[in-house]
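Undergrad: Chain by chain, the residues:
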Amino acid sequence: MATAHTLASLAQRFGLALRGDGQVRVSGVGTLAAAGPDQLTFLANPRYRGELASTRAGAVVLRAAEVESAPCPALIASDPYVAFAKIAALFDPRVAPAPGIHGSADIAASARIDPSAHIGAFVSIGARSVIAAGAIIGPGCVIGEDCVVGAGSELVARVTLVMRVHLGHRVLIHPGAVLGADGFGLARDGGRWIKVPQRGGVVIGDDCEIGANTTIDRGALEDTVLEEDVRLDNQIQIAHNVRIGAHTAMAGCVGVAGSTKIGHNCLIAGAVGINGHIEICDNVVVHAAGVVLQSITQPGEYASGTLLQDHRSWRRNATRFKQLDEMARSVNALSKDPKR
Amino acid sequence: MATAHTLASLAQRFGLALRGDGQVRVSGVGTLAAAGPDQLTFLANPRYRGELASTRAGAVVLRAAEVESAPCPALIASDPYVAFAKIAALFDPRVAPAPGIHGSADIAASARIDPSAHIGAFVSIGARSVIAAGAIIGPGCVIGEDCVVGAGSELVARVTLVMRVHLGHRVLIHPGAVLGADGFGLARDGGRWIKVPQRGGVVIGDDCEIGANTTIDRGALEDTVLEEDVRLDNQIQIAHNVRIGAHTAMAGCVGVAGSTKIGHNCLIAGAVGINGHIEICDNVVVHAAGVVLQSITQPGEYASGTLLQDHRSWRRNATRFKQLDEMARSVNALSKDPKR
Amino acid sequence: MATAHTLASLAQRFGLALRGDGQVRVSGVGTLAAAGPDQLTFLANPRYRGELASTRAGAVVLRAAEVESAPCPALIASDPYVAFAKIAALFDPRVAPAPGIHGSADIAASARIDPSAHIGAFVSIGARSVIAAGAIIGPGCVIGEDCVVGAGSELVARVTLVMRVHLGHRVLIHPGAVLGADGFGLARDGGRWIKVPQRGGVVIGDDCEIGANTTIDRGALEDTVLEEDVRLDNQIQIAHNVRIGAHTAMAGCVGVAGSTKIGHNCLIAGAVGINGHIEICDNVVVHAAGVVLQSITQPGEYASGTLLQDHRSWRRNATRFKQLDEMARSVNALSKDPKR
Numbered sequence: 006m007a008t009a010h011t012l013a014s015l016a017q018r019f020g021l022a023l024r025g026d027g028q029v030r031v032s033g034v035g036t037l038a039a040a041g042p043d044q045l046t047f048l049a050n051p052r053y054r055g056e057l058a059s060t061r062a063g064a065v066v067l068r069a070a071e072v073e074s075a076p077c078p079a080l081i082a083s084d085p086y087v088a089f090a091k092i093a094a095l096f097d098p099r100v101a102p103a104p105g106i107h108g109s110a111d112i113a114a115s116a117r118i119d120p121s122a123h124i125g126a127f128v129s130i131g132a133r134s135v136i137a138a139g140a141i142i143g144p145g146c147v148i149g150e151d152c153v154v155g156a157g158s159e160l161v162a163r164v165t166l167v168m169r170v171h172l173g174h175r176v177l178i179h180p181g182a183v184l185g186a187d188g189f190g191l192a193r194d195g196g197r198w199i200k201v202p203q204r205g206g207v208v209i210g211d212d213c214e215i216g217a218n219t220t221i222d223r224g225a226l227e228d229t230v231l232e233e234d235v236r237l238d239n240q241i242q243i244a245h246n247v248r249i250g251a252h253t254a255m256a257g258c259v260g261v262a263g264s265t266k267i268g269h270n271c272l273i274a275g276a277v278g279i280n281g282h283i284e285i286c287d288n289v290v291v292h293a294a295g296v297v298l299q300s301i302t303q304p305g306e307y308a309s310g311t312l313l314q315d316h317r318s319w320r321r322n323a324t325r326f327k328q329l330d331e332m333a334r335s336v337n338a339l340s341k342d343p344k345r
Numbered sequence: 006m007a008t009a010h011t012l013a014s015l016a017q018r019f020g021l022a023l024r025g026d027g028q029v030r031v032s033g034v035g036t037l038a039a040a041g042p043d044q045l046t047f048l049a050n051p052r053y054r055g056e057l058a059s060t061r062a063g064a065v066v067l068r069a070a071e072v073e074s075a076p077c078p079a080l081i082a083s084d085p086y087v088a089f090a091k092i093a094a095l096f097d098p099r100v101a102p103a104p105g106i107h108g109s110a111d112i113a114a115s116a117r118i119d120p121s122a123h124i125g126a127f128v129s130i131g132a133r134s135v136i137a138a139g140a141i142i143g144p145g146c147v148i149g150e151d152c153v154v155g156a157g158s159e160l161v162a163r164v165t166l167v168m169r170v171h172l173g174h175r176v177l178i179h180p181g182a183v184l185g186a187d188g189f190g191l192a193r194d195g196g197r198w199i200k201v202p203q204r205g206g207v208v209i210g211d212d213c214e215i216g217a218n219t220t221i222d223r224g225a226l227e228d229t230v231l232e233e234d235v236r237l238d239n240q241i242q243i244a245h246n247v248r249i250g251a252h253t254a255m256a257g258c259v260g261v262a263g264s265t266k267i268g269h270n271c272l273i274a275g276a277v278g279i280n281g282h283i284e285i286c287d288n289v290v291v292h293a294a295g296v297v298l299q300s301i302t303q304p305g306e307y308a309s310g311t312l313l314q315d316h317r318s319w320r321r322n323a324t325r326f327k328q329l330d331e332m333a334r335s336v337n338a339l340s341k342d343p344k345r
Numbered sequence: 006m007a008t009a010h011t012l013a014s015l016a017q018r019f020g021l022a023l024r025g026d027g028q029v030r031v032s033g034v035g036t037l038a039a040a041g042p043d044q045l046t047f048l049a050n051p052r053y054r055g056e057l058a059s060t061r062a063g064a065v066v067l068r069a070a071e072v073e074s075a076p077c078p079a080l081i082a083s084d085p086y087v088a089f090a091k092i093a094a095l096f097d098p099r100v101a102p103a104p105g106i107h108g109s110a111d112i113a114a115s116a117r118i119d120p121s122a123h124i125g126a127f128v129s130i131g132a133r134s135v136i137a138a139g140a141i142i143g144p145g146c147v148i149g150e151d152c153v154v155g156a157g158s159e160l161v162a163r164v165t166l167v168m169r170v171h172l173g174h175r176v177l178i179h180p181g182a183v184l185g186a187d188g189f190g191l192a193r194d195g196g197r198w199i200k201v202p203q204r205g206g207v208v209i210g211d212d213c214e215i216g217a218n219t220t221i222d223r224g225a226l227e228d229t230v231l232e233e234d235v236r237l238d239n240q241i242q243i244a245h246n247v248r249i250g251a252h253t254a255m256a257g258c259v260g261v262a263g264s265t266k267i268g269h270n271c272l273i274a275g276a277v278g279i280n281g282h283i284e285i286c287d288n289v290v291v292h293a294a295g296v297v298l299q300s301i302t303q304p305g306e307y308a309s310g311t312l313l314q315d316h317r318s319w320r321r322n323a324t325r326f327k328q329l330d331e332m333a334r335s336v337n338a339l340s341k342d343p344k345r
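Residue numbers (my numbering), protein chains in the order written: chain A, 6 to 345; chain B, 6 to 345; chain C, 6 to 345.
Just so you know, the hints here were simulated from the structure itself, not pulled from any lab data.
Just so it is clear, CB atoms sit at the ideal spot from N, CA and C, and this is done for glycine as well.
Among the hints, erroneous ones may be present.
Each pair of labels, with its calculated beta carbon distance range [what the hints assert, rightly or not]:
1) B:Ala103 x C:Gln28: 31 to 37 Å
2) B:Ala138 x C:Arg54: 44 to 50 Å
3) B:Ala338 x C:Arg68: 42 to 48 Å
4) B:Ala138 x C:Ala138: 39 to 45 Å
5) A:Arg117 x C:Arg321: 57 to 63 Å
6) A:Glu284 x C:Arg320: 19 to 25 Å
7) A:Asp119 x B:Asp26: 45 to 51 Å
Please put together the full structure from these sequences, using the hints given.
TA: Set out below in structure tokens:
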């Protein structure tokens, strides 16, 4: 029952050039190393070029520069990874769950659920919340009060929207994510902490994707905002009143402190830490494990940190780092001495 | 139906000086930039001073030094952020959920639930656990065996207390937090790992707050302990047998390894990593992304790491770091040479 | 009703030498500082040697070199921590929950549950999934479609297996963990992101342990794989298509990016970040907070980062790091100058 497509039909559908037999049929996708004769594969990352000659795939998507090396019929794309993503989606057998509300769900009387939405087992929905057309709320999700889940959005399972969380259209949230928890607002009063009420919400734009166990706190007074098509990986922490610009993507384990604004089209690599109350402009790339303490006003690539070494060498070098200022002064003095 | 207060009544209630018309009424709070004529705003962080002149707020809380610049009636506070937090709490419309046990909850026969506690949908409570007066257990929480939730404590939703977790009074835990899971105790035996049973518990003092998706493991033999008024942000990892002193606060993504003791009144910034089996004294501040490998015996501010740069410059500098010890030796030799 | 064992029986059972009265009975375990006369304690970490003389424990496990200092009967072990772990397990009063399916569980018709398995409250199990003999699925777990939970495995509570997750025998997963969520596959197409379908699964070998709130994504085409006896602490992120070799252990907050292969018997300390598409050989140790950007081909210990200092000194040294390349060039020039 697998869907099958001819290379010719795929070439036409996605505007790709064809080299070789267009009647070859593929019914799935695979890696260069593992794909079989009824599957399509792809070469995007030059690191894997060595696997092309021996692939058993029925067909391959690759760049024009590589096509002479292809041992099978090929589709030519300027960006093979994008083309592959679009073709692979044809074979992805996701069946949307049926509309309706599971008998076990606990839904407040003032909540409004569109008839075409799917509400799964053990879901809890609070007062005045709205679930729009075609939304999918998987098992164990908790949606608190005054939330909106926009049309076509999906909460896979065990997602929590605490309160005042507004999801746009086609937002996808993976298990364990928590949106709308209290921002970390504390004031110090006579030796103790007092809590600053967090009266804002969270606004997530259309087509955003939020990874497993990622947390996005609601704002203190204004909202915490993700613009459209923002993509967050797993285990990311977004503090209260952060604003993330459209089409920005962040890899796993990033942390962004409160009130920081990040521009459009930024790429934030894994484990980056970003300070609060700063501003990062559009088109900024921050490399893995970088720490951003101050605003970035110029597009470009940025990094911090040190490189891995054997532990013994590292220990010696790290010890010297603690005297780097003295060392620099010595070097300056040596450089200036007329006798030198 | 919004609560409204006159400035005069707020000044009296919170011991603040008043400048201007005390009959001005406010029914909410807002930022300098967004507040309207029926709202109170505040100026605490000098970074935002430029927004004061143009605020449309009905009134502002600020320091005495700023009051001449206020375009509206003002309340004067030595710590405007604290004053604002207390006033904002008057307008926070949180309505406590009604006492009682949701019909779907699964509660062990030997558990004891105070009649004034609220137990939400899909909550699971295990043998011998106790839920005290006024406690709120939100939807989807799992409380295992031998736990105690103290009076006035709240588990917002989807919180797990695995076993032997003891919460004091007025503890607030945000969604996805896991307390009392097995500490990471492993012993290496003939090429394989064997698990070390974790037979302790977790003790959380009064007024602690624990962020979303934060994890606190139970101890191996003794307990893992948070003293009173400890505030933990999201995505924090506290390993087995850690002890955190009263009034210490940690920002998001901090990790503390096993058996470490942290003193009172410490401020641990985001993404800090703290080694195991060390001791940090009272009144220590560790800056963002710092790595603490050894005990700290003196109060003060500490940091580690490098500063962000454009990627090309960083690459060159990071490469030099790998030869820092050699460089230091060269500098020492140059400094000592009599001919130099 | 506590279990009690004589030292003589413990010595025989675990192949340990005995010094002193073999008829001493112990009915539990405790730390050097806190154990009482009916408990066994241990000395493994030399850091705690000072506590040995004053222990009130009924007996102690330690190395031969320490036995003269023991104030009580002793069991002698070459690895006291391993011996203690095995003995402690005799006193760990874990009672397995009874077989059967809780009345509230929501189980797909095509799922297969072994009669000896335990399915807890509010558990959701999807189509074609299989739960094998003696498996324990705790409250609030969500198991999606096409999953397998192998014999004797346990999901403590609130664990999510999204789809196509295959657990071997005796796998233990702590609360909040999410296995099988979509890998972070994105392709950039004309200014927007498109999602790359993640069609692989997750395979977890026998005897693995996975910590609280840890996330392991499923693969893009092939599976994400943990070999047998891999131990992951809390808050770890494992990206799609990673492969982790047998007997490797990782402490809390580690992040491993996509398609990386890690060998056998590696020890990855807390908060380490590991780049994608690299390979780490067997028997590698990476120290806490290290960042691994390139493949490691030699067994040994590795580290990166800088050491903590008072903030003022750190600030000066970190500023100098930004000119390290210039400094190195100056030093080289000074070293070469014939006049010098």
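Undergrad: Give me the numbers of the hints this structure contradicts, sorted from smallest to largest.
TA: Violated hint: only 1; rest satisfied.
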